[in-house]
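K.L.:
Listed below, chain by chain, are the residues.
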Amino acid sequence: MTSDALITVDRVTFGYEASRTILEDVSLTFARGKITAIMGGSGCGKTTLLRLIGGVHAPNKGTVSFDGEVIDTRNREQLYRLRRRLGMLFQFGALFTDLTVFENVAFPLREHTKLPESMIRDIVLLKLNAVGLRGAAQLRISEVSGGMARRVALARAIALDPELIMYDEPFAGLDPISMGVAANLIRHLNDATGATSLIVSHDVKECFLISDYAYLISSGRIVGHGTPAELKASDDPEVRQFIRGEPDGPVPFHYPAPPVAEGFGIGR
Amino acid sequence: MNFADFLPRLGRWALSYLFRLGHAAFFFVELLKSLPASLRRFYLVVAQIHAIGNYSLVIIAASGLAVGFVLGLQGYYTLSRYGAAESLGLLVALSLVRELGPVVTALLFAGRAGTSLTAEIGLMKAGEQLAAMELMAIDPKQRVLAPRLLGGIIAMPLLAAMFSAVGIFGGYVVGVLMIGIDPGQFWSQMQGGVDVWDDVGNGIIKSFVFGVTCTFVALLEGYEANATPEGVAQATTRTVVISSLAVLLLDFVLTAVMFSTPR
Numbered sequence: 001m002t003s004d005a006l007i008t009v010d011r012v013t014f015g016y017e018a019s020r021t022i023l024e025d026v027s028l029t030f031a032r033g034k035i036t037a038i039m040g041g042s043g044c045g046k047t048t049l050l051r052l053i054g055g056v057h058a059p060n061k062g063t064v065s066f067d068g069e070v071i072d073t074r075n076r077e078q079l080y081r082l083r084r085r086l087g088m089l090f091q092f093g094a095l096f097t098d099l100t101v102f103e104n105v106a107f108p109l110r111e112h113t114k115l116p117e118s119m120i121r122d123i124v125l126l127k128l129n130a131v132g133l134r135g136a137a138q139l140r141i142s143e144v145s146g147g148m149a150r151r152v153a154l155a156r157a158i159a160l161d162p163e164l165i166m167y168d169e170p171f172a173g174l175d176p177i178s179m180g181v182a183a184n185l186i187r188h189l190n191d192a193t194g195a196t197s198l199i200v201s202h203d204v205k206e207c208f209l210i211s212d213y214a215y216l217i218s219s220g221r222i223v224g225h226g227t228p229a230e231l232k233a234s235d236d237p238e239v240r241q242f243i244r245g246e247p248d249g250p251v252p253f254h255y256p257a258p259p260v261a262e263g264f265g266i267g268r
Numbered sequence: 269m270n271f272a273d274f275l276p277r278l279g280r281w282a283l284s285y286l287f288r289l290g291h292a293a294f295f296f297v298e299l300l301k302s303l304p305a306s307l308r309r310f311y312l313v314v315a316q317i318h319a320i321g322n323y324s325l326v327i328i329a330a331s332g333l334a335v336g337f338v339l340g341l342q343g344y345y346t347l348s349r350y351g352a353a354e355s356l357g358l359l360v361a362l363s364l365v366r367e368l369g370p371v372v373t374a375l376l377f378a379g380r381a382g383t384s385l386t387a388e389i390g391l392m393k394a395g396e397q398l399a400a401m402e403l404m405a406i407d408p409k410q411r412v413l414a415p416r417l418l419g420g421i422i423a424m425p426l427l428a429a430m431f432s433a434v435g436i437f438g439g440y441v442v443g444v445l446m447i448g449i450d451p452g453q454f455w456s457q458m459q460g461g462v463d464v465w466d467d468v469g470n471g472i473i474k475s476f477v478f479g480v481t482c483t484f485v486a487l488l489e490g491y492e493a494n495a496t497p498e499g500v501a502q503a504t505t506r507t508v509v510i511s512s513l514a515v516l517l518l519d520f521v522l523t524a525v526m527f528s529t530p531r
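In the order they appear, the protein sequences are chains A and B. For the first sequence, this note's numbering begins at 1 and goes up steadily by one. For the second sequence, this note's numbering begins at 269 and goes up steadily by one.
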């Protein structure tokens, strides 16, 4: 059975603690072979959504399905089988600091395959070449810059040719050149491998440049979705505020607080 | 604080401790289940024996020598009052092999290797390395924790043996070379009085138990650490405190059991 959607998030509600809900009744679908962006302000539940898809946490309500199979976080065997089909790029790379660049990319290959050393070497160098870091193979992780670390992590995430690649804030904290490099890489990798890509980010410009579809999340709800062109043309005030980066609007500048007069003890 | 406040507080405290103890027990069982997998990739264990064992050798040897010197001096002082100074070799050897070797080694191990294990695991957690492994469908308990546990269990008795051997040499230096006890008496009394099973065997059992305890505490604290600088710092401190207390308490329990079993 192959449907258009690789990942389906169906009416999911989730909170780390019972008292605080992070995602409230959200439904999303991620189309096979496409790049879908999940955008939203800091702390709106974007990364949590990735964790739910990776099966790190179980939703309080609703289901997450991977290729038609509902993810059950208690079923370790299924979880590990599904996880082998996905690659995740962590925000700061999450590289193994005791290994070299080469060994980091070789890690999933050594753990999950019984390939001979010569073949592992070829695959690792191919992946590193794809991110432009073949020459950096023997460097230690402490010797590479933030942008390079992100690319090494990308090479590691694609080492086993996953069907789904999840990017957690791939553009955060990168200089303009590295940012352009990262955006290009994501688009090219997606087109070359036919994988499904899922980007969590708050960089509107970069995301719109490379994604096929986008969801906009605000305080745990989906406030808008569509192709980048559709979102740009949206009249919804929340969507407009986010895309244009306006400081105040439906999403207020102030964190909820008592009235000013009361807070400063004046005017009584 | 009145009594009505005190009771629930005591209850909460007791419950949270019981909860943590139960959690630790579950964690221990999970680690034991991961051990066979790490035997299949023994090179990971060898790397840990190297990291935990070899790098602790200098501090273990230096401390063993110092303890041996002191045992030689103090032992001579006591024994010479009874005119039994020739038994110094036996006294030094028994004290080290049965008691001081395993215990002092375990205390040094907690400070030297335990802290570095906790900090390493805690920082791996803070850097999301463990989460990354988990998402690659690799169990960090199998890949990271189990080889370290096994490495610690293997390294500890070897380190304790080194400690005792160097300590006996220290006792020899003080007793024979400096004070002038007859070397024949020193060695022959030791040879005649130390039993392989009762004395050396007991010491090995002790250091094996301490090896499991210290390494497990260090790994648990690192794995459960809050992924912040303060969290890792607190976890490292707890490793030393809990391991040291556990070693001393277990030492009493083990010694009592060993004394009560008939020869």
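Hint data in this document are derived by calculation from the structure and do not stem from the laboratory. Quick caveat: nothing in here was measured; it's all calculated off a predicted structure. Accuracy of the hints is not assured; some may be wrong.
[Unchecked claim] If you only want the chain B side, here are some residues facing chain A, beta carbon under 8 angstroms, derived: (1) GLY395; (2) GLU396; (3) GLN397; (4) ALA399; (5) ALA400; (6) MET404; (7) ALA405; (8) ILE406; (9) LEU513.
[Unchecked claim] FRET-style restraints, in silico, Cβ to Cβ: (10) B:GLU498 x A:ILE177: 54 to 64 angstroms; (11) B:PRO497 x A:ARG74: 27 to 37 angstroms; (12) A:ARG20 x B:ASP273: 27 to 37 angstroms; (13) A:LEU209 x B:TYR285: 34 to 44 angstroms; (14) B:PRO304 x A:ARG84: 20 to 30 angstroms; (15) B:VAL525 x A:ASN60: 17 to 27 angstroms; (16) B:ALA293 x A:THR97: 48 to 58 angstroms; (17) B:PRO497 x A:VAL56: 15 to 25 angstroms; (18) A:ARG140 x B:ASN322: 18 to 28 angstroms; (19) B:ASN322 x A:GLY194: 43 to 53 angstroms; (20) A:GLY263 x B:LEU283: 16 to 26 angstroms; (21) B:PHE287 x A:ASN75: 44 to 54 angstroms; (22) B:TYR285 x A:SER219: 31 to 41 angstroms; (23) B:TYR285 x A:ARG20: 47 to 57 angstroms.
The C-beta atom is built at its ideal place from N, Cα and C for all residues, glycine as well.
K.L.:
All hints, please: hold or fail.
P.N.:
Evaluation of the provided hints:
{"no.": "1", "hint": "GLY395", "verdict": "holds, 6 angstroms"}
{"no.": "2", "hint": "GLU396", "verdict": "holds, 4 angstroms"}
{"no.": "3", "hint": "GLN397", "verdict": "holds, 5 angstroms"}
{"no.": "4", "hint": "ALA399", "verdict": "holds, 7 angstroms"}
{"no.": "5", "hint": "ALA400", "verdict": "holds, 4 angstroms"}
{"no.": "6", "hint": "MET404", "verdict": "holds, 5 angstroms"}
{"no.": "7", "hint": "ALA405", "verdict": "holds, 4 angstroms"}
{"no.": "8", "hint": "ILE406", "verdict": "holds, 5 angstroms"}
{"no.": "9", "hint": "LEU513", "verdict": "violated, 31 angstroms"}
{"no.": "10", "hint": "B:GLU498 x A:ILE177: 54 to 64 angstroms", "verdict": "violated, 36 angstroms"}
{"no.": "11", "hint": "B:PRO497 x A:ARG74: 27 to 37 angstroms", "verdict": "holds, 33 angstroms"}
{"no.": "12", "hint": "A:ARG20 x B:ASP273: 27 to 37 angstroms", "verdict": "holds, 28 angstroms"}
{"no.": "13", "hint": "A:LEU209 x B:TYR285: 34 to 44 angstroms", "verdict": "violated, 55 angstroms"}
{"no.": "14", "hint": "B:PRO304 x A:ARG84: 20 to 30 angstroms", "verdict": "holds, 22 angstroms"}
{"no.": "15", "hint": "B:VAL525 x A:ASN60: 17 to 27 angstroms", "verdict": "violated, 49 angstroms"}
{"no.": "16", "hint": "B:ALA293 x A:THR97: 48 to 58 angstroms", "verdict": "violated, 31 angstroms"}
{"no.": "17", "hint": "B:PRO497 x A:VAL56: 15 to 25 angstroms", "verdict": "holds, 23 angstroms"}
{"no.": "18", "hint": "A:ARG140 x B:ASN322: 18 to 28 angstroms", "verdict": "holds, 21 angstroms"}
{"no.": "19", "hint": "B:ASN322 x A:GLY194: 43 to 53 angstroms", "verdict": "holds, 49 angstroms"}
{"no.": "20", "hint": "A:GLY263 x B:LEU283: 16 to 26 angstroms", "verdict": "violated, 38 angstroms"}
{"no.": "21", "hint": "B:PHE287 x A:ASN75: 44 to 54 angstroms", "verdict": "violated, 26 angstroms"}
{"no.": "22", "hint": "B:TYR285 x A:SER219: 31 to 41 angstroms", "verdict": "holds, 38 angstroms"}
{"no.": "23", "hint": "B:TYR285 x A:ARG20: 47 to 57 angstroms", "verdict": "violated, 27 angstroms"}
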